[in-house]
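K.L.:
Assemble chain C onto chain R, guided by the hints.
Number of protein chains: 2
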Amino acid sequence: MKKFINSVDTILAESLDGFAAAHADILMLGEDRKFIRRRELKPGKVALISGGGSGHEPLHGGFVGHGMLDAACPGQVFTSPTPDQMLAAVEAVGTGAGCLFIVKNYEGDVMNFDMAAEMADGVLQVVTNDDVAVENSSYTTGRRGVAGTLVVEKIVGAAAEQGMALRELKALGDRVNEATRSMGVALTSGTVPAAGKPTFEIGDGEMEFGVGIHGEPGRRRDALKSADAIAEEVCAAIAGDFGGRTEGPALLFVNGFGGTPSMELYLMYNSARKMFEKHGVTVIRSLVGSYVTSLDMAGCSITLTLLDDDMTALWDAPVHTAALRWGM
Amino acid sequence: MKKFINSVDTILAESLDGFAAAHADILMLGEDRKFIRRRELKPGKVALISGGGSGHEPLHGGFVGHGMLDAACPGQVFTSPTPDQMLAAVEAVGTGAGCLFIVKNYEGDVMNFDMAAEMADGVLQVVTNDDVAVENSSYTTGRRGVAGTLVVEKIVGAAAEQGMALRELKALGDRVNEATRSMGVALTSGTVPAAGKPTFEIGDGEMEFGVGIHGEPGRRRDALKSADAIAEEVCAAIAGDFGGRTEGPALLFVNGFGGTPSMELYLMYNSARKMFEKHGVTVIRSLVGSYVTSLDMAGCSITLTLLDDDMTALWDAPVHTAALRWGM
Chain R
1 MKKFINSVDT ILAESLDGFA AAHADILMLG EDRKFIRRRE LKPGKVALIS GGGSGHEPLH
61 GGFVGHGMLD AACPGQVFTS PTPDQMLAAV EAVGTGAGCL FIVKNYEGDV MNFDMAAEMA
121 DGVLQVVTND DVAVENSSYT TGRRGVAGTL VVEKIVGAAA EQGMALRELK ALGDRVNEAT
181 RSMGVALTSG TVPAAGKPTF EIGDGEMEFG VGIHGEPGRR RDALKSADAI AEEVCAAIAG
241 DFGGRTEGPA LLFVNGFGGT PSMELYLMYN SARKMFEKHG VTVIRSLVGS YVTSLDMAGC
301 SITLTLLDDD MTALWDAPVH TAALRWGM
Chain C
1 MKKFINSVDT ILAESLDGFA AAHADILMLG EDRKFIRRRE LKPGKVALIS GGGSGHEPLH
61 GGFVGHGMLD AACPGQVFTS PTPDQMLAAV EAVGTGAGCL FIVKNYEGDV MNFDMAAEMA
121 DGVLQVVTND DVAVENSSYT TGRRGVAGTL VVEKIVGAAA EQGMALRELK ALGDRVNEAT
181 RSMGVALTSG TVPAAGKPTF EIGDGEMEFG VGIHGEPGRR RDALKSADAI AEEVCAAIAG
241 DFGGRTEGPA LLFVNGFGGT PSMELYLMYN SARKMFEKHG VTVIRSLVGS YVTSLDMAGC
301 SITLTLLDDD MTALWDAPVH TAALRWGM
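Chains as they are written, first to last, in UniProt numbering: chain R, 1 to 328; chain C, 1 to 328.
Next comes chain R alone, as it looks inside the complex (with noise of 0.2 Å):
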C-alpha cells in the first residue's frame, strides 16, 4: 500500500485537521471531529446536513458552505457516519428553521440517518440513487447514490440559501435526484487504509463496468474499451433509463474517482458530450473534476442532469465552499 498516511488510525483525523486548517475562511471541525460545520451561519435559513464514509473526498465536506452544506458528518473510511454524529451536527448548525439531511442510498447511512430523524425534530430527508449499473448492490437495496448527489447538494444548497422552506427543499432535492442519472467505470481499485490491499482484483486489460464508489461490482467486467466505446456505453444506459426523453437542456459531469487526471477527464467529456448530443441533449452547464471519488481508484462516472430554468439559476447561483466555488 503506498499512500501518504502516518498510521491507518489516524488518517481521517490529520486529513480532517488538515482540511479545517486549510479553509478555516470557511468551515470548522465539531467537537470530537463528529462533523464538518459552516462557519458562520445563516439565521432562519433551513440546515443542511449531509455525511457518509470518508475515501470520497471532497464529498460531502468540500461542500460545506455559503449555497450548500452547513454539516458534513464523516465517517470512517467507507463506513457510515453514526447517528450521533447527525444529531451533534443538527444541534450546532440547526437555527430553528428545520433541517434536510442528504444522504446517498447505502443501507447503512440510510439507517443511521434515519435514526437520528427520528430522534430530532423537524427534520426531513433526500436520499440520492442516481446510479443507472445496477437496481442491487453490495450494500444497497435499491439504487446507489452516487455522483449525482453533488448536483443534488448544490441546487438544494442554493434555494436553502435563499430562504426556501423545508418541505419545498425536500421536494425541490427529490425533483433534482429524479432528473439526475450516473455510471461510473474502474480501471483500477482502490485501497482502503485498514485493509492495505486493493479492493478488488483486476487485470491489466480489464474494466468494470458499472463500479460504484466503494469498488462494488458494476454489470460486468470487460477488456480495456476506447473512451469513445465507453462514453457510447455508458451514456445509453444514462439515456435508456431516462426512457429516451432526454431532448433539452443539461449538465454533464463527469467525474474522477481520485487515480484519474485532468487530462483523462476532459478527453472523456469530450467523447460523452458527442455521444450525449446523439441523443438529443444539448450540455448548457458543465463540472469536470474528481468530487466524488472511491480514495485512489482510476476511473471516472459519467452524470447527466436533465435541466429546467429554476435548476440552472440555482446551479449558477453563488457558492464558496472548499471545493466549489464561484459568483463570490
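Keep in mind that a hint or two might mislead.
For chains that are exact copies, the list does not tell them apart, and a pair is met inside one copy or across any two.
Below are the DSBU-like pairs computed for lysine-lysine, each with C-alpha atoms no more than 30 Å apart in a straight line [as the list claims (entries may be wrong)]: (1) K2 / K278; (2) K274 / K2; (3) K274 / K3; (4) K197 / K225; (5) K197 / K3; (6) K170 / K278; (7) K3 / K170; (8) K274 / K225; (9) K42 / K170; (10) K45 / K170; (11) K225 / K278; (12) K278 / K3; (13) K45 / K225; (14) K3 / K225; (15) K225 / K2; (16) K197 / K2; (17) K278 / K42; (18) K274 / K170; (19) K42 / K274.
Hints in this document: simulated from the structure, not taken from any laboratory.
P.N.:
Quick look at chain C alone, frame taken from chain R:
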C-alpha cells in the same frame, strides 16, 4: 497502460477540445489548437502567456482567464511547445501593452520561448525555477520550474489585471519566484501515453525524494516513509534553501501529481504545516489540490511562498479560470 484514450495520436487534441467545450464561457482554442486563449481580452493590459509540455494539467490552460493568463501554449506530452505557437498567441492576445512570458526552466521551453521572444516585439520573460531538489536535472540547466509556477502566474496575473506595466510585472514575477521554493516526492511513476509504460521503475516499498514533474530523478530513492517523515525532510530542505529566513507569513501549497487523492493531500498539508511552523512560518494562505501534475503519478509536492502584503493582496484578488476561481 490503463488510460481513457481513443488513440495515442489524438489524446492531446481530444482533451483540449473537451476542455474548451467545458469552459467555453472563459476561453477558446486558437487555430490548430496552437494555444488556449482568454475569450474576452482587456485592451491596454499586458498579455501574460505561458505554456509547456502537456501532461501537467490543469497547468497552464486551467489558469487562462480573468486575473491570470491570457494564453497558454500546450506542447505534446512532456514536450515544449514550438515558437510558432507562442508567436500565434502573442498575435492573438496582445493588445499593444506588451507581453510577458512565464516559462518553467527546462532547456526546451527556455529555447523555444526565447526564440519567440526574439521574433516578437515588446516581450519580456520570467523563468521559474522553484524546485530545490537538485541543481541540474535531465532536461534542465539550473533548477527546475515546478508547482511554484502557479503562484507566479496568479500573483503576476492579478497585477496585470490591475494595469501594472510590463517592466514592473517582470520584476514582480522574478520577486515571487525568488520568494517561492518547492520539492516533490513520488510513490509511483506516471505513464506517458506514447511510451505506454511507466517512465521509471519503482519498488512496492520505495519512493523518490525530490522527483521532477516529468518523473526525473530527485535526490535519492529510499524506503517509503511516513507522511510526517516525508514532510519533515521536504520542509527542512525548503527552509534550508531559504537560508533559514522563513519567519513570517507564507502561502503553503500542497500539490498532487495526478494519482493521489484529496484525503492524502490534506493529510500531507497537515504534516507540512506543523513542520513549517517549527521553522517559524505563519501559514496565512493555503492551496491543496492537484494543480501541477505529472500525468497519473502518485505523489505530491510542497511549495512555500514567503508573502508580503502586496503579494497577499494579489493572491486574494479575483480570478476566474477553469482551475482556480474566487472573488467572482
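K.L.:
Checked against the structure, which of the hints given earlier come out wrong?
P.N.:
Per hint list: 6, 7, 13, 17, 18, 19 violated.
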